[in-house]
Amino acid sequence: MGVVNFAHGELVMAGAFTIWLLHAQFGLGYIPAIAAAIVLVTAIGLLMERLLFRPTRSDPLAGLICSIGVLFILQVIAALIGGDGPSKQVPPPFHGTLVMFDVLRIPYQRVFSLIISAAALGTLWFFLTRSKFGWALRAVAMDREAAELQGINTDRISVIAIGVGTALAGLAGGLIAPLTNINPHMGHNVIVTAFIVTIVGGVGSLSGAVLAAILYAVFHTLVTVYFGGTIATISGLVLMVIVLIVKPTGLMGAKVSE
Amino acid sequence: MLLQVNDIHVHYGQVAALKGVSLEAGEADFVTLIGSNGAGKSTTLRTISGLNHPSAGEIIFDGQRIDHLSADKILKMGIAHVPEGRRIFKDLTVTENLLLGAFTRDDQAEIRKDLAGVFERFPRLNERKNQTAGTMSGGEQQMLSIGRALMSRPRILLLDEPSLGLAPVIVREIAHLLTEINKQGVSIVLVEQNAELALELSRHGYVLETGNVALEGEAASLMDNDHVRKAYLGI
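From first to last, the protein sequence lines stand for chains A and B.
Residue numbering for the first sequence is 17 to 274, as defined by my numbering.
Residue numbering for the second sequence is 7 to 241, as defined by my numbering.
Please note that a few of the clues may not be correct.
Claimed, not checked - Below, simulated BS3-like cross-link-like pairs (lysine-lysine); rule was C-alpha separation at most 25 Å, straight line: (1) B/119 to A/263; (2) B/25 to A/148; (3) B/189 to B/236; (4) A/148 to B/82; (5) B/82 to B/236; (6) B/135 to B/79; (7) B/119 to A/148; (8) B/82 to B/119; (9) A/263 to B/96; (10) B/189 to B/119; (11) B/82 to B/96; (12) A/148 to B/189; (13) B/135 to B/119.
Unchecked claim - Simulated restraints, written as ranges between beta carbons of each label pair: (14) B/59 to A/85: 23 to 33 Å; (15) B/25 to A/75: 37 to 47 Å; (16) A/147 to B/66: 50 to 60 Å; (17) B/129 to A/195: 47 to 57 Å.
As the list claims (entries may be wrong) - Derived contacts from chain A toward chain B, CB cut-off under 7 Å, selection only: (18) 100; (19) 158; (20) 162; (21) 164; (22) 168; (23) 237; (24) 240; (25) 241.
Quick caveat, the hints were computed from the structure, so don't treat them as lab data.
Think of the CB as a built atom: it goes at the ideal place given N, C-alpha and C, for glycine as much as any other residue.
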């Protein structure tokens with residue numbers, strides 16, 4: 017869509033905060049809390065589309081800067097609600113560990129996240145490549161005017177695109193809440209990872225993003241184990257710069273047209 | 007009259023692109039707009055299809071004013087626009103491009119029938135139906151762009167420079183195709199730099215010069231007009 021949403025990491029944070037507030041503090045069930053996180057984050061996303069991205073559509077840089085503003089606003093709201101003390105923890109709702117072949121041990125919480133993520137990804141892939149609205153969404157991203165000439169209501173498609181993207185951010189927040197430290201600045205790691213994965217995979221390529229995400233996760237984990245987390249993030253960024261120099265379109269990116 | 011453009015003015019910022027253009031096309035008609043670069047041919051088509059809006063004047067299609075409507079609504083009424091430079095969706099397959107042409111339609115069985123019809127008309131698209139559209143040659147992409155427009159079952163087809171950058175043999179093929187589409191009852195408004203070809207195909211012609219209709223008339227009589235011969239036919 018030509019929209020760069022820098023506040024995406026903060027939307028994930030808002031999702032995680034919702035879980036902390038509703039599930040860990042108020043005792044709402046984990047699954048209903050995830051549903052609430054998705055609804056809330058999607059609502060924020062739709063507001064951003066209507067109030068920020070749509071009016072600045074002719075100037076992508078303006079939209080990007082507006083989203084940075086939202087990033088700070090969301091951080092402050094989170095600090096006001098949760099306080100800026102130590103990070104919050106959400107006790108994992110799923111207990112126990114899956115043991116396979118005596119060596120592979122995965123906590124059930126992570127198994128749950130893995131299954132839901134894979135299902136969400138599969139659904140997204142199906143939507144983008146097999147449904148009329150998915151084609152329309154990609155068509156609008158490629159050539160908004162030509163899409164309009166096919167009778168596609170491009171405003172509505174933009175709403176759907178932001179809606180799907182932010183709903184997934186809400187879901188992601190819900191899934192990582194029990195696995196990580198929750199604080200107003202946690203979105204930072206999310207956005208850095210997202211940028212590395214998107215650029216290495218190729219902007220606009222879902223399969224590239226998935227491939228890059230798996231490669232980057234393995235890479236990041238190995239470097240973290242042997243050298244430490246900070247080195248891992250630095251080398252991830254270095255990797256991104258190398259990809260930008262050697263293959264600017266990313267692993268699976270389409271050629272930049274015109 | 008199926009389509010009537012009455013004295014439209016269009017501005018890009020402060021610059022006037024059209025300064026009172028009028029033209030009309032009937033049912034199953036074939037009209038052409040010729041003129042040099044910057045004369046306002048593309049702007050005229052873009053204004054009819056709703057990508058631009060006139061600051062004055064009116065456009066009437068099938069008895070209704072359409073000049074304030076958005077492009078997606080105008081397509082639904084039966085005006086399809088094959089834009090300059092083909093503008094196909096390069097990362098989508100040929101079939102996906104064609105099905106997007108039928109985006110506003112819900113009659114699945116009829117859409118399948120029309121898709122088969124397009125593949126029959128353009129055998130080369132059929133051979134490449136699962137291929138990414140951007141990998142095809144210019145001529146094939148032009149055919150895809152026309153095929154995509156036909157998938158909306160238009161009553162009028164607006165074409166902007168369909169011959170641009172194509173080999174003469176492909177241009178002939180496309181000319182033949184337009185005549186056939188026209189014979190099946192679709193009205194055609196053709197914008198072309200290749201004035202000779204355009205006048206040969208059409209019934210009526212308009213000569214645009216700096217945002218005005220400088221001359222209009224039967225295509226055959228324009229071909230004999232001294233000014234047209236000198237300025238556009240190079241004779």
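Results of checking the hints against the structure:
With a C-alpha separation of about 43 Å, the suggested pair residue 119 of chain B and residue 263 of chain A falls outside the 25 Å cut-off, and the hint is violated. With a C-alpha separation of about 40 Å, the suggested pairing of residue 25 of chain B with residue 148 of chain A is violated against the 25 Å cut-off. Pair hint residue 189 of chain B plus residue 236 of chain B does not hold up; C-alpha atoms about 31 Å apart against a cutoff of 25 Å. Taken as a hint, the residue 148 of chain A and residue 82 of chain B pair is honoured in the structure, with Cα atoms around 17 Å apart against an allowance of 25 Å.
For the proposed pair residue 82 of chain B and residue 236 of chain B, the alpha carbon gap of about 40 Å is over 25 Å, so the pair is violated. Restraint check for residue 135 of chain B and residue 79 of chain B: the C-alpha separation of about 28 Å exceeds 25 Å, so the hint is violated. Distance hint between residue 119 of chain B and residue 148 of chain A is fulfilled; the C-alpha atoms sit about 17 Å from each other, no more than 25 Å. This hinted pair checks out: residue 82 of chain B and residue 119 of chain B have alpha carbons roughly 19 Å apart, not beyond 25 Å.
This hinted pair checks out: residue 263 of chain A and residue 96 of chain B have alpha carbons roughly 20 Å apart, not beyond 25 Å. Simply put, residue 189 of chain B and residue 119 of chain B have alpha-carbon atoms about 19 Å apart, close enough for the 25 Å limit, and the pair holds. Pair hint residue 82 of chain B plus residue 96 of chain B holds up; C-alpha atoms about 24 Å apart against a cutoff of 25 Å. Straight-line distance between C-alpha atoms of residue 148 of chain A and residue 189 of chain B comes to about 31 Å, which puts the hinted pair past the 25 Å bound.
For the hint pairing residue 135 of chain B with residue 119 of chain B, the CA-to-CA distance comes to about 15 Å; that is within 25 Å, so the pair holds. Between residue 59 of chain B and residue 85 of chain A the C-beta distance comes to about 32 Å, which sits within the given range of 23 to 33 Å. Between residue 25 of chain B and residue 75 of chain A the beta carbons are some 30 Å apart, a value that contradicts the proposed interval 37 to 47 Å. Range check, residue 147 of chain A to residue 66 of chain B: Cβ separation about 36 Å, and the 50 to 60 Å hint is violated.
The hinted window of 47 to 57 Å between residue 129 of chain B and residue 195 of chain A holds, with their beta carbons roughly 55 Å apart. Because the closest C-beta pair between residue 100 of chain A and chain B is about 45 Å apart, greater than 7 Å, the hint is violated. The interface hint given for residue 158 of chain A holds, since its Cβ lies 5 Å from the closest Cβ of chain B, which is under the 7 Å cut-off. Because the closest C-beta pair between residue 162 of chain A and chain B is about 4 Å apart, less than 7 Å, the hint holds.
The criterion of a C-beta within 7 Å of any C-beta in chain B is met by residue 164 of chain A, whose closest approach is roughly 4 Å, and the hint holds. Interface restraint check: residue 168 of chain A against chain B, minimum CB-CB distance 5 Å, threshold 7 Å, status holds. Hint status for residue 237 of chain A: violated, given a least beta-carbon distance of 32 Å to chain B, over 7 Å. Given the 7 Å rule on beta carbons, the hint for residue 240 of chain A is violated: about 35 Å separates it from the nearest Cβ of chain B.
For residue 241 of chain A, the suggested interface contact is broken, since its CB lies about 38 Å from the closest CB of chain B, more than 7 Å.
The structure is inconsistent with the numbered hints 1, 2, 3, 5, 6, 12, 15, 16, 18, 23, 24, 25, although it conforms to all the rest.
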